[in-house]
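The whole structure should be built from the sequences, with the hints applied where relevant.
If you're matching them up, the sequences are chains A and B in order. Take the first sequence: its position 117, counting from 1, is numbered 117 in the working numbering, and each next residue is one higher. Take the second sequence: its position 54, counting from 1, is numbered 54 in the working numbering, and each next residue is one higher.
Just to be clear, a hint being listed does not mean it is correct.
Because identical chains share one entry, a pair is satisfied inside a single copy or across any pair of copies.
[Stated by the list, open to error] Pairs of lysine to any residue residues, derived as SDA-like cross-links and limited to a Cα-Cα distance of at most 20 Å, are as follows:
(1) 84 with 149
(2) 97 with 29
(3) 191 with 155
(4) 176 with 124
(5) 177 with 102
(6) 176 with 186
(7) 176 with 79
(8) 122 with 189
(9) 97 with 78
No wet-lab data here; the hints were simulated from the structure.
Here's the letter readout for the chains.
Number of protein chains: 2
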Amino acid sequence: MSIHFPKLACAVLIFAALCYVPVQAADVPQFDYPSDYRNWIFLTSGLDMNYSEGMGADHHMFDNVFVNPEAYKVFQATGRWPDKTVLVKEMRGGQTKGSINRNGMFQQVGVMELEVHAKDEKRFPGQWAFFAFGDTKPAAAIPQGAQCYACHGSHGAVDNTFVQFYPTLKPIAEGKKTFSASYLKDESAQK
Amino acid sequence: MSIHFPKLACAVLIFAALCYVPVQAADVPQFDYPSDYRNWIFLTSGLDMNYSEGMGADHHMFDNVFVNPEAYKVFQATGRWPDKTVLVKEMRGGQTKGSINRNGMFQQVGVMELEVHAKDEKRFPGQWAFFAFGDTKPAAAIPQGAQCYACHGSHGAVDNTFVQFYPTLKPIAEGKKTFSASYLKDESAQK
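If you want it as structure tokens, here you go:
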């Protein structure tokens, strides 16, 4: 599969790179491009989701989230992610006018960005690591000091992941009582 | 899985029912609720898609489209749908404020509507039939005179289906040259 990298996505990545801790150790974990993720289990799709106020963009982006089937089965049974869970977030542009569509938005052909959030209890400090792919080559882990780790750790509903936005999994975690203490605190603060 | 039917969805269905040809023959084909469709192949998700100008709604709806894995494999190889293809469109409400999200939209837990578009060359006149599910009971086919059949037949990029909106399949159909004559006519008229 080809990944299209328009100028805009490059700008986003350059900005993200600047925000990350720039020093990487020599033994940074690598992760292979998960080429069959479109055959995995779909968790959800969001549009232009943003956790900050007032950060509107002049383009629209869908994010489709997939998980490896083995991890999905374990989550359905336990409300928890097993070791070797791999979540993939695929970003595609949103378009309104095209073919006979006149309102709302559909997804464009080219993938703009691909990100992986993987659990490996032995390999990754904190058990989880993020990877961003610009093409199908293996990627190096984003350093643990990056903001994404802190945000997922503080606000993810289950084990560093945003299960609160995965409609088939949120009720399972609720039933199994596996929501994190920090997520429950977030929720009670909003009431 | 439970299906939530708020008043709004009921109103939509009642409106749809009025638009359909109201007379059904005694031997209307039935279709079982495809309870495992969330384990199938995800094709795309759209938001508030509409083929008419100016029909904005006061709510937001994502539509997630899935297909049975056997049919997906055949399409990847041939650019065509085999007999017994089943496409599922699952509608979920879109929400902006929730947890730490502040912009854009994420998908809500409850399924608002579920529709099936199935191919059965022997059972269905015109090979394809539509079914709308209000719960997990089997549904009767929407009559062939309904507008959905005519629109899919005239504007679907491949064999009565909107492959032009399925980002992983559109390039395959293009490569295999399986676009319908009517779709190619639509596209050339827009240039």
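Outcome of the hint check:
1. 84 with 149: within (17 Å within a copy, 45 Å between copies)
2. 97 with 29: Classified as neither: same-chain Cα gap 42 Å, cross-chain 36 Å, threshold 20 Å.
3. 191 with 155: Result: close within a single copy only, 16 Å intra versus 47 Å inter.
4. 176 with 124: This pair counts as neither: shortest intra-copy Cα distance 26 Å, inter-copy 43 Å.
5. 177 with 102: neither (43 Å within a copy, 26 Å between copies)
6. 176 with 186: Only inside one copy: residue 176 and residue 186 sit 19 Å apart there, 51 Å across copies, limit 20 Å.
7. 176 with 79: Classified as within: same-chain Cα gap 6 Å, cross-chain 43 Å, threshold 20 Å.
8. 122 with 189: neither (35 Å within a copy, 58 Å between copies)
9. 97 with 78: For residue 97 and residue 78, neither the intra-copy (43 Å) nor the inter-copy (28 Å) Cα distance is at most 20 Å.
Checked against the numbered hints given earlier, this structure breaks hints 2, 4, 5, 8, 9; the rest are met.
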